[in-house]
Amino acid sequence: GENVEQHPSTLSVQEGDSAVIKCTYSDSASNYFPWYKQELGKRPQLIIDIRSNVGEKKDQRIAVTLNKTAKHFSLHITETQPEDSAVYFCAPVVGLTLTFGKGTMLLVSP
Amino acid sequence: GAGVSQSPSNKVTEKGKDVELRCDPISGHTALYWYRQSLGQGLEFLIYFQGNSAPDKSGLPSDRFSAERTGGSVSTLTIQRTQQEDSAVYLCASSPGGALFVETQYFGPGTRLLVL
Numbered sequence: 002g003e004n005v006e007q008h009p010s011t012l013s014v015q016e017g018d019s020a021v022i023k024c025t026y027s028d029s030a031s032n033y034f035p036w037y038k039q040e041l042g043k044r045p046q047l048i049i050d051i052r053s054n055v056g057e058k059k060d061q062r063i064a065v066t067l068n069k070t071a072k073h074f075s076l077h078i079t080e081t082q083p084e085d086s087a088v089y090f091c092a093p094v095v096g097l098t099l100t101f102g103k104g105t106m107l108l109v110s111p
Numbered sequence: 003g004a005g006v007s008q009s010p011s012n013k014v015t016e017k018g019k020d021v022e023l024r025c026d027p028i029s030g031h032t033a034l035y036w037y038r039q040s041l042g043q044g045l046e047f048l049i050y051f052q053g054n055s056a057p058d059k060s061g062l063p064s065d066r067f068s069a070e071r072t073g074g075s076v077s078t079l080t081i082q083r084t085q086q087e088d089s090a091v092y093l094c095a096s097s098p099g100g101a102l103f104v105e106t107q108y109f110g111p112g113t114r115l116l117v118l
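First to last, the protein sequences are chains A and B.
Sequence positions in the first sequence follow my numbering and run 2 to 111.
Sequence positions in the second sequence follow my numbering and run 3 to 118.
FYI, nobody ran anything at the bench for these hints, they're computed from the structure.
From a predicted model like this one, the values you see are computed outputs, not experimental measurements.
Glycine residues also receive a C-beta, built at the ideal position from the N, C-alpha and C atoms.
Among the hints, a few may not be true.
Selected chain B positions facing chain A (Cβ under 8 Å, derived; list incomplete) [to be verified]:
1. Q43
2. G44
3. L45
4. F47
5. Y50
6. L93
7. T106
8. F109
9. G112
Lysine-lysine pairs mimicking DSS-like chemistry, simulated, CA-CA at most 27 Å apart [unchecked claim]:
10. B:K19 with A:K38
11. A:K58 with B:K59
12. A:K38 with B:K59
13. A:K72 with A:K23
14. B:K13 with B:K59
15. A:K38 with A:K59
16. B:K59 with A:K43
17. A:K69 with A:K58
18. B:K19 with B:K59
19. A:K103 with A:K23
20. A:K69 with A:K23
21. A:K58 with A:K43
22. A:K23 with A:K59
23. B:K13 with A:K38
24. A:K43 with A:K69
25. A:K58 with A:K72
26. B:K59 with A:K103
27. A:K43 with A:K23
Working from the sequences, and respecting the hints, build out all of it.
Right, dumping it as structure tokens:
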């Protein structure tokens with residue numbers, strides 16, 4: 002099956018700084034790469050995704066970059082705000098099933 | 003419209019008892035997923051339903067776990083003879099179900115199960 006790793010497991014930044022979370026996967030057949038945000042006690046919500054025919058996608062302060070050769074994709078958050086504090090999960094897809102990483106806890110301090 | 007709903011929101015049970023967890027997907031969504039999230043862990047895939055096709059049960063951790071989906075809509079996840087390690091949040095998600103490519107999954111609020 003797919004092996005997924007996220008780094009770092011925790012990330013603390015000051016408000017206004019940038020944050021980058023990296024996700025590596027093992028199955029070269031993966032073709033869809035979403036990132037989910039889960040606030041404390043709430044359900045995961047999709048924040049950005051990218052398909053395998055695209056190298057980068059941006060939506061306001063967040064972006065995702067994909068390196069299929071190296072089998073990793075990264076979440077970039079610029080100008081971080083306290084409300085960005087949450088756990089972020091990558092979930093590369095093989096077939097029709099997502100395999101979630103263990104999550105990265107992002108803490109943005111005012 | 004209404005999102006994915008799950009019930010109960012919280013369930014406390016004694017070890018050895020059976021529990022049933024319910025998921026109501028978004029109307030019209032043909033794909034339905036169950037996940038488990040243990041404290042401080044990522045989401046673990048359990049089972050996937052797509053329309054009338056045979057479900058993908060590859061994530062079920064043991065034969066104590068089963069799920070069904072009646073009429074292509076509501077799904078029930080059943081855990082028999084619960085164990086303490088079954089304590090987790092059980093999340094359901096649905097998607098429109100294009101079957102040819104993966105679509106965004108919409109998650110329910112989860113059922114928090116505690117086995118004493």
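Hints, one by one, checked against the model:
{"no.": "1", "hint": "Q43", "verdict": "6 Å, holds"}
{"no.": "2", "hint": "G44", "verdict": "4 Å, holds"}
{"no.": "3", "hint": "L45", "verdict": "4 Å, holds"}
{"no.": "4", "hint": "F47", "verdict": "6 Å, holds"}
{"no.": "5", "hint": "Y50", "verdict": "6 Å, holds"}
{"no.": "6", "hint": "L93", "verdict": "7 Å, holds"}
{"no.": "7", "hint": "T106", "verdict": "5 Å, holds"}
{"no.": "8", "hint": "F109", "verdict": "4 Å, holds"}
{"no.": "9", "hint": "G112", "verdict": "6 Å, holds"}
{"no.": "10", "hint": "B:K19 with A:K38", "verdict": "33 Å, violated"}
{"no.": "11", "hint": "A:K58 with B:K59", "verdict": "33 Å, violated"}
{"no.": "12", "hint": "A:K38 with B:K59", "verdict": "26 Å, holds"}
{"no.": "13", "hint": "A:K72 with A:K23", "verdict": "11 Å, holds"}
{"no.": "14", "hint": "B:K13 with B:K59", "verdict": "23 Å, holds"}
{"no.": "15", "hint": "A:K38 with A:K59", "verdict": "16 Å, holds"}
{"no.": "16", "hint": "B:K59 with A:K43", "verdict": "26 Å, holds"}
{"no.": "17", "hint": "A:K69 with A:K58", "verdict": "14 Å, holds"}
{"no.": "18", "hint": "B:K19 with B:K59", "verdict": "22 Å, holds"}
{"no.": "19", "hint": "A:K103 with A:K23", "verdict": "12 Å, holds"}
{"no.": "20", "hint": "A:K69 with A:K23", "verdict": "13 Å, holds"}
{"no.": "21", "hint": "A:K58 with A:K43", "verdict": "26 Å, holds"}
{"no.": "22", "hint": "A:K23 with A:K59", "verdict": "16 Å, holds"}
{"no.": "23", "hint": "B:K13 with A:K38", "verdict": "25 Å, holds"}
{"no.": "24", "hint": "A:K43 with A:K69", "verdict": "31 Å, violated"}
{"no.": "25", "hint": "A:K58 with A:K72", "verdict": "17 Å, holds"}
{"no.": "26", "hint": "B:K59 with A:K103", "verdict": "21 Å, holds"}
{"no.": "27", "hint": "A:K43 with A:K23", "verdict": "23 Å, holds"}
This entry does not satisfy hints 10, 11 and 24, going by the numbered hints stated previously.
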